[in-house]
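Residue numbers (the numbering used here), protein chains in the order written: chain A, 1 to 303; chain B, 1001 to 1303.
Keep in mind the hints are simulated off the structure, nothing from the lab. Quick caveat, the model's predicted, so the values are computed rather than measured. Note that the Cβ used here is the ideal one computed from N, Cα and C, for glycine as well. One or more hints might be untrue.
Some chain B residues close to chain A (C-beta under 10 Å, calculated; not the full set) [unchecked claim]: (1) PRO1037; (2) ARG1040; (3) ALA1113; (4) ALA1117; (5) ALA1143; (6) GLU1148; (7) VAL1163; (8) ILE1168; (9) ILE1177; (10) GLU1236; (11) LYS1287.
Pairwise CB distance ranges, derived in the manner of DEER restraints [to be verified]: (12) SER21(A) x ARG1105(B): 45 to 51 Å; (13) MET50(A) x GLY1052(B): 56 to 62 Å; (14) PRO108(A) x ASP1100(B): 20 to 26 Å; (15) SER1259(B) x ASP115(A): 44 to 50 Å.
There are 2 protein chains.
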Amino acid sequence: MPSKSTDFSAEFDAAIAKVASDVEGMLDVILPHADGPEARVFDAMRYAIMAGGKRFRPFLVCESARLFGVDPVAALRVAAAIECVHTYSLVHDDLPCMDDDDLRRGQPTVHRAFDEATAVLAGDALLTFAFELISDRDTHQLAEVRIELVRRLALASGGQGMVGGQMIDLTSEGQQIDMGGITRLQRLKTGALIAFACEAGAVLGRAPREPRHALRAYAHDMGLAYQITDDLLDVEGEAALIGKATGKDAHAGKATFVSILGVERARAQAAMLSEQAIQHLDLFDEKADLLRQAARFVITRRT
Amino acid sequence: MPSKSTDFSAEFDAAIAKVASDVEGMLDVILPHADGPEARVFDAMRYAIMAGGKRFRPFLVCESARLFGVDPVAALRVAAAIECVHTYSLVHDDLPCMDDDDLRRGQPTVHRAFDEATAVLAGDALLTFAFELISDRDTHQLAEVRIELVRRLALASGGQGMVGGQMIDLTSEGQQIDMGGITRLQRLKTGALIAFACEAGAVLGRAPREPRHALRAYAHDMGLAYQITDDLLDVEGEAALIGKATGKDAHAGKATFVSILGVERARAQAAMLSEQAIQHLDLFDEKADLLRQAARFVITRRT
Chain A
1 MPSKSTDFSA EFDAAIAKVA SDVEGMLDVI LPHADGPEAR VFDAMRYAIM
51 AGGKRFRPFL VCESARLFGV DPVAALRVAA AIECVHTYSL VHDDLPCMDD
101 DDLRRGQPTV HRAFDEATAV LAGDALLTFA FELISDRDTH QLAEVRIELV
151 RRLALASGGQ GMVGGQMIDL TSEGQQIDMG GITRLQRLKT GALIAFACEA
201 GAVLGRAPRE PRHALRAYAH DMGLAYQITD DLLDVEGEAA LIGKATGKDA
251 HAGKATFVSI LGVERARAQA AMLSEQAIQH LDLFDEKADL LRQAARFVIT
301 RRT
Chain B
1001 MPSKSTDFSA EFDAAIAKVA SDVEGMLDVI LPHADGPEAR VFDAMRYAIM
1051 AGGKRFRPFL VCESARLFGV DPVAALRVAA AIECVHTYSL VHDDLPCMDD
1101 DDLRRGQPTV HRAFDEATAV LAGDALLTFA FELISDRDTH QLAEVRIELV
1151 RRLALASGGQ GMVGGQMIDL TSEGQQIDMG GITRLQRLKT GALIAFACEA
1201 GAVLGRAPRE PRHALRAYAH DMGLAYQITD DLLDVEGEAA LIGKATGKDA
1251 HAGKATFVSI LGVERARAQA AMLSEQAIQH LDLFDEKADL LRQAARFVIT
1301 RRT
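Please model the complete structure; the sequences and the hints are all you need to start from.
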């Protein structure tokens, strides 16, 4: 008989697989098609989006939306938009002038499957499409809600969010960086979009200040635990499992949580952050159980 | 004593210089700063934006807004956002994997002055910042107006607009392309954002359908006249005047309006489109005189 924790894990696995299937189905329908010579950029957008991935950010949107009784289709549209932004960032980060990666999720990266120019444009178009999607009346009947989502997505994704984090990451190669520096780097590079994913459900549900703040605090700690685990997997993971080269960070002379803390302390830090993330959800009832599971998942995942 | 047409031209020159100065002043204030290592991406954004340029799109926003009595500061914010999108497209188009240009407006392009990775990120951040700017409550008190601007900007800039046009441009190098094909290419690559610039004033002013359509029709013809003139300048212009290498299109084996129509017919076509653009403004009074002048300017400019 499976233990209770295994049950929980199976429930989480099923829930995230359902969201992945739903968001991929929606993206397949809403991503634009074209007959003309511009079809190449749409093919590349679709290739990048449909390459798989956990769809963790969409899961966070859908689960946070469920806390406030939000229409699941509305949540899925915002989830799809966030996945477009996440995917664009991967396409650009993989470029030869950035991380120069040939593989992503076990498949050739967009600039390898197409070419560099198409990869730049597909990333640009995915970012733009996210705003097109959110601003559509189908996402929410109230313009106030749609514009708040646009604004928070822009703040999370731009120079003061994700792009700023990537800039810090690039400039800090081979540099001394301390725990505060790397925490800030990751808060911008991955944390800002994860925080938006968690807060988006609250925005859609017009939730008051307190649960919003709780979700942001949850996202902050969970996102950092996620990133520390990424660094641990980079050191310990098997290339075949995670579908990309491992040990890359050390090779690139990049400071990571593991290079600063060591494996054991990094693992303990991730566990502490995961617990802390779960505590931020104390004001929610059992509806938040899958978010609690997500905080456990981020530190136990193998890929 | 100057002729009437010279008077008009001086009035137009002064008006567009005023908008350029205003929009640069505003961008200088609103573009974000940073102290951390991400400052590099903000420096690159500022470098790209402040490299000069006619600020023709901002001028179109401000003049279309004036037709409907829109608050000039609101118009200027939207103008600044459109200039950010235009500038991002130039930064990415200049990359080695795209047009591979070393000079832009007589200065090193962003990837030459900084590096390729920073140029990709600065473009990404400029695009994102445009949405941040428009979605801010300071742009318009009504969420309905802000979200309509976001949506139209996304549609004009993405795969079905500007980015799609750039994709067609890249795939059509060395290909046979006819007048219909190149018109469609330019309608997407440059026309869509110019049309949004002209319509933005009407959106801000909550104008009815008829003047909106007139402005779109004006933008369509004027934008095409602008592009045909670009092709003429590429053949005839002096490199020193336009601040970039000339004859590039022919060298790259790109079809242009001039390669299809020849110089004389291209010139006649631009003149016809300019006149037609002016006729679309017949429902406006003398408040539209500077837009009429703009349609003359696009075919007589030297740079």
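Hints, one by one, checked against the model:
{"no.": "1", "hint": "PRO1037", "result": "4 Å, holds"}
{"no.": "2", "hint": "ARG1040", "result": "6 Å, holds"}
{"no.": "3", "hint": "ALA1113", "result": "15 Å, violated"}
{"no.": "4", "hint": "ALA1117", "result": "5 Å, holds"}
{"no.": "5", "hint": "ALA1143", "result": "4 Å, holds"}
{"no.": "6", "hint": "GLU1148", "result": "8 Å, holds"}
{"no.": "7", "hint": "VAL1163", "result": "5 Å, holds"}
{"no.": "8", "hint": "ILE1168", "result": "5 Å, holds"}
{"no.": "9", "hint": "ILE1177", "result": "9 Å, holds"}
{"no.": "10", "hint": "GLU1236", "result": "28 Å, violated"}
{"no.": "11", "hint": "LYS1287", "result": "29 Å, violated"}
{"no.": "12", "hint": "SER21(A) x ARG1105(B): 45 to 51 Å", "result": "49 Å, holds"}
{"no.": "13", "hint": "MET50(A) x GLY1052(B): 56 to 62 Å", "result": "42 Å, violated"}
{"no.": "14", "hint": "PRO108(A) x ASP1100(B): 20 to 26 Å", "result": "23 Å, holds"}
{"no.": "15", "hint": "SER1259(B) x ASP115(A): 44 to 50 Å", "result": "24 Å, violated"}
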